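Put chains B, C and D on the given structure of chain A with help from the hints.
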Amino acid sequence: MSKHHISTTINGEPVEFLCDTAQTLLDVLRDELGLTGSKEGCGSGDCGACSVLVEGRLVCACLVLAAEVDRCAVETIEGVAQGNALHPLQQVFLNEAALQCGICTPGIIVAAKALLEKNPDPDEEEIRFWLAGNLCRCTGYDKIVRAVQQAALVMRSA
Amino acid sequence: MLTYNKPTTVDEAVILLQQPQHAARALAGGTDLLVELRSGRLAAQGIVDLKRIPELRALRAEQDGFRIGAAVSGAELGEHATLKAMWPGVVEAANLIGSTQIQGRASLGGNLCNASPAADSVPALIAAGARCTVAGPGGRREVPVESIVTGPGKTSLVSGEFVVDFVLPAQAARGGDAYLRFIPRTEMDIAVVGVAVNLTLDAAGVCTTARVAVGAVAPTARLVDAAGAALVGTTVDETALNALMAAVRAACAPINDKRGTIEFRTHVAGVLAGRAAKIALDRARSRA
Amino acid sequence: MGRYPAGSPGWRDKVTGQANYGADFSLPGMITGRVLRSPHAHARIVSIDTTEAGKLAGVRAVVTAADFPDLPSEVVAGGESPVNYRYISCNAIARDKVLYEGHAVAAVAAISAGVAEQALKLIRVEYEVLPHVIDVRDAMRDDAPLLHDNLYTEGVDPKPTKPSNIAKRTEFLLGDPAAGFAESEIILERSYTTQPVHQGYIEPHACVASVAADGMTTVWSSSQGQFMVREFCAKLLKIADSDIRVLPAEIGGGFGGKTTVYLEPLAIALSRKSGRPVKMVMSREEVFKASGPTSGGVLQVKLGARRDGTLVAAECELAYQAGAFPGSPAIPGCMTAFACYDIPNARTVGYDVVSNRPKCAAYRAPGAPMAAFAVESALDELALELGMDPVELRLKNAAKEGTRALYGPKMPVIGFVETLEAARAHAHYNTPLKANQGRGIASGFWFNIGGQSSAAVHINEDGTAEVVTGNPDIGGSRASMAIMAAEVLGIDYAKVKPLIGDTASVGYCFLTGGSRVTFATGKAVVEAANDVVQQLRARAAKIWKCEVDEVIWKDGVAHPAQGQTDTRTQLSLAEIAASAARTGGPISGKASLNVGGAGPGFGTHLCDVEVDPETGRVTVLRYTVIQDVGRAIHPGYVEGQMQGGAAQGIGWALNEEYVYDDQGRLQNSGFLDYRMPVASDLPMIDAVLVEVPNPAHPFGVRGVGEVPIVPPLAAVANAVARASGVRVNDLPISPPRLLAALMK
Amino acid sequence: MATVLLQPEFARRNTAGQRLVEVDADTCQALIERMDERFPGFADAIATGVAVAIDGQIYPDPLQQDLRPDSEVCFLPALEGG
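Residue numbers (the numbering used here), protein chains in the order written: chain A, 1 to 158; chain B, 1001 to 1288; chain C, 2001 to 2744; chain D, 3001 to 3082.
Looking at chain A on its own, in the form it has when it is part of the complex (with noise of 0.2 angstroms):
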């Protein structure tokens, strides 16, 4: 059985790859393409810690076929900095302690950065549902709604 043959663009750039039907984005993504940004909790999409952006839309990866994405604009956490710059979530998250062992921060940052664009001023109760798909074991979530609150002020006062 031939593979399917899929083009698509991942944080901005030109990519083609070959999958099966039964592999699925975050496979590819990890297994193909080296961005082992995106991290596999669980494989059902009741973690969060796979998110990107497909079409500009927040989806759990584990949960996208890899076919499905053929001319589809894809965006990972290897795309929120740019170049050495890191997008003010990153650096907000790093300087208030708002990771600790760090494998539900990629999924995080695509959803936070996702809701930011959504709504540059959410108050606590809205980051809070936006995120309750992205599972952290560690923080207890208590800096992590604060640095998304610090980071949109930054953002907005940028």
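Quick caveat, the hints were computed from the structure, so don't treat them as lab data.
Just to be clear, a hint being listed does not mean it is correct.
Straight-line Cα separation of at most 27 angstroms, BS3-like style, residue types lysine-lysine; simulated pairs [to be verified]: (1) C:Lys2121 x A:Lys3; (2) C:Lys2273 x B:Lys1258; (3) B:Lys1006 x A:Lys3; (4) C:Lys2055 x C:Lys2273.
Derived coverage of chain A by chain B (criterion: at least 3 residues anywhere in the stretch with Cβ under 8 angstroms from a Cβ of chain B; other residues may be distant) [to be verified]: (5) 40-47; (6) 119-126.
In this text the structure is predicted, and so the values were computed from the model without any measurement.
Quick reminder that beta carbons are idealized off the backbone N, C-alpha and C, glycines included.
Okay, now just chains B, C and D, sitting in the frame of chain A:
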């Protein structure tokens, strides 16, 4: 090897889904189908991705109501102001399906055809009197939403058939709908109990029509006629609400499972029915 | 030390997605390993036939227990704590019997995951299915199905002649409880149950193993201790420690659950057989079915007090479920139960009970949260019966320096009273509540441990430095190491690069756990940095041609001692480093210690909840964690430990449990139905750092990581009781359970 | 004179039930040797899985520790962590 096709017309999809030799499954958002695939429980040999068919992606007003493509995502519904204004209950039910990430993909078509007794959007669609267009080898037919699911994981669709879109009627001038569900956490859980209420008032504030549907308390979502009847002719006061709650509890036939007990589901179904009725009542009054 | 030193050294990769966790490694020629797991909760393995699987195209190796040494069942001093390597081996791969659904039976390595999965289906295993037992009380009955034919209860005289599922009985006694209860004016007896809960780390277990032709084995693994992985694999495979090198991946959460090995021994065996590097990653389902939760427990508590609230006598009997092999934290449960209080007459009895569930592993203050749930709930009821404020009742009996602990020694310098006073004075404790709302308070204790640690500090020619230690950095310890080294060297924190060495490049370090890293490894860092300072002073003395004691080191600069007024000017670290080649060569300091004097940690938590009386839902409105942290090296990460521990405790109290069917099969082996708190479930968690320095550490450091999970179970339960008027003594307090109690 | 404190079970098996023992020793090593002379098998009993607390501080390497004239030495189960 598993095949993958992405037809761009309904007819193409019907042909692909109808081929007997490879049990083909329709893919819209995939948030249920892919979980089945990854856990090795998917028996299909082929996947037919419906998202490239314009009709299934369309969301437009029609004859004062709405026509919603089966592959439109919950997130898109949540961002449609006029739909939300007319049918807040239906939209909040769709938006309760999973996390933001799931909302980016989950569709009304998938939620209905996955045929889970606890599907969040189905009770609200039933209460709203929604119908859906089914395409298949025999052509197209429009049927009430409640006729699709026949049991856990089972639908009335035959090989080659799939849901194209949903038709939401116009909400009455003094109409209001609401959906509530019970989950142990505040997000991410499958509904332990789900209740939808859709009612209309006359000028004097008396309830003239009422549809009450429940989820996760029976093999399929159910329209509870007795519950609707308990509200009609009343001002939806305490007595009517108590009758509504009793009727809903009487209609429950839940099971004990990892999410809830029979006693819990039955009791809470009544509680949520009362609360959802009050919200629907407020919405109906505010629309008057 | 700056309150919030900017940035987190070594962590930029974590926010950009470049950090390498266990599953992110790959090597040329690498193949994939998968495990065949038992479908039965309890069965004898009659036969395993792997010939067909071995012949499948693309399969490179198949292993079963036959590929592993049959180790004797004996307790060996493993690094710090006693370890029975037979149990670890038979848990990594079943021998003779499978003892829980998901127990590993065989493993295959193949050129792709797909081929490996196919091969698993071709392995023929003949089982003789046996009756099973899940619940700890059922497992203790005389007629219960026996997991181990040769397990006789330890700690019972005379030695029993009949095997049992009770592996061990342990007793602690102080004073004369019977006399104490006789003179008590009020006695309160209650029983409690808790369920096993999983650590819930978001990163599944993962490793890569590569055995070279000469037998040298290299392992990349996500664990809480690369030295532990080396030690355990060496013992399980009978290889010399020096023949295994373990490189630590970033660890995606552990909380005690990664202080043992599951995949590494299998990957090594598969790599040895196939001659190829082998990668193994657990699915989330495998993590829940086959990696250790902490124990569930059944506890009885009896308190005797005088009318004025003075505790006179206390007893606690607890039985903890160990899973497939002995090793529940019944002993630490007994030791910590009453440790917060000064009670002259006390006894605790603990039973370690096996059952057909995954072998327990450590989970943050193992054994203490369950015991504290029982004792702190009973104290809350006692306060209500005495009409006393619950903080006052605790203050009246609080353990202080010199208090005799039930487990033996007198308490050293501790800060429990300070946490209670901070709680009483806190705004949270004095804010009025509304209908259906309640406030719970609870306290908790953990020993914290020291143990063996090594560190090295290297000075580079450009005046920067590296501090290398052997402890994986789960929660920010890299920052603490850099801060402590910089403080001793007297240079800017940003000039010190903290690195985690593999087992071949840094001295032995006991694992990251027991809240020990900033304390014990931190002490090694301080001594290594002091070693460097002595060398820097010696080099300055050489340059100034004077005695070393005429050189003073202050703020990163060598100063001539007073009275030396001639031409000598100051010499900065950078200047000395630049000339190091000419004054004796590279400057490196190191230290290897076995650190004692770990300072016990105490915490007091406040929790407000609202109960929906019609559905039994509990909403946490406000949560405050108050904890004696000794001295906070990096306050941000100390607060993080306190907030994270509280969140895990809240999940434990409200929604987390395993659901088994009548065949002993796990029904909720995923994050959908194993319900851990999500962001929208919790309020902000205020962390109040009380600092009562630990005299046994140069910077006063105490362990902080484990105490915060001890109080929340009772804090939440007490809040629910006061909000609803109904006391639920069985966790989790899930909506169905609370609604049933409310409707009674 | 250092004072040795033991848990009931340990005492029952190793010191004929004696939970409090006075020992003339100025180092922990000497104390353990004296105890082993008086209660043969004592040293083996504390070889694995036992931690030692000296005047309230727990030491994983007791043999290196000195004792004060009135020191109190407790033997307790080795501690672990999560």
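message = To test your reading of the hints: which numbers does this structure violate?
response = Checked against the structure, the hints that fail are numbers 2, 6, while the rest are satisfied.
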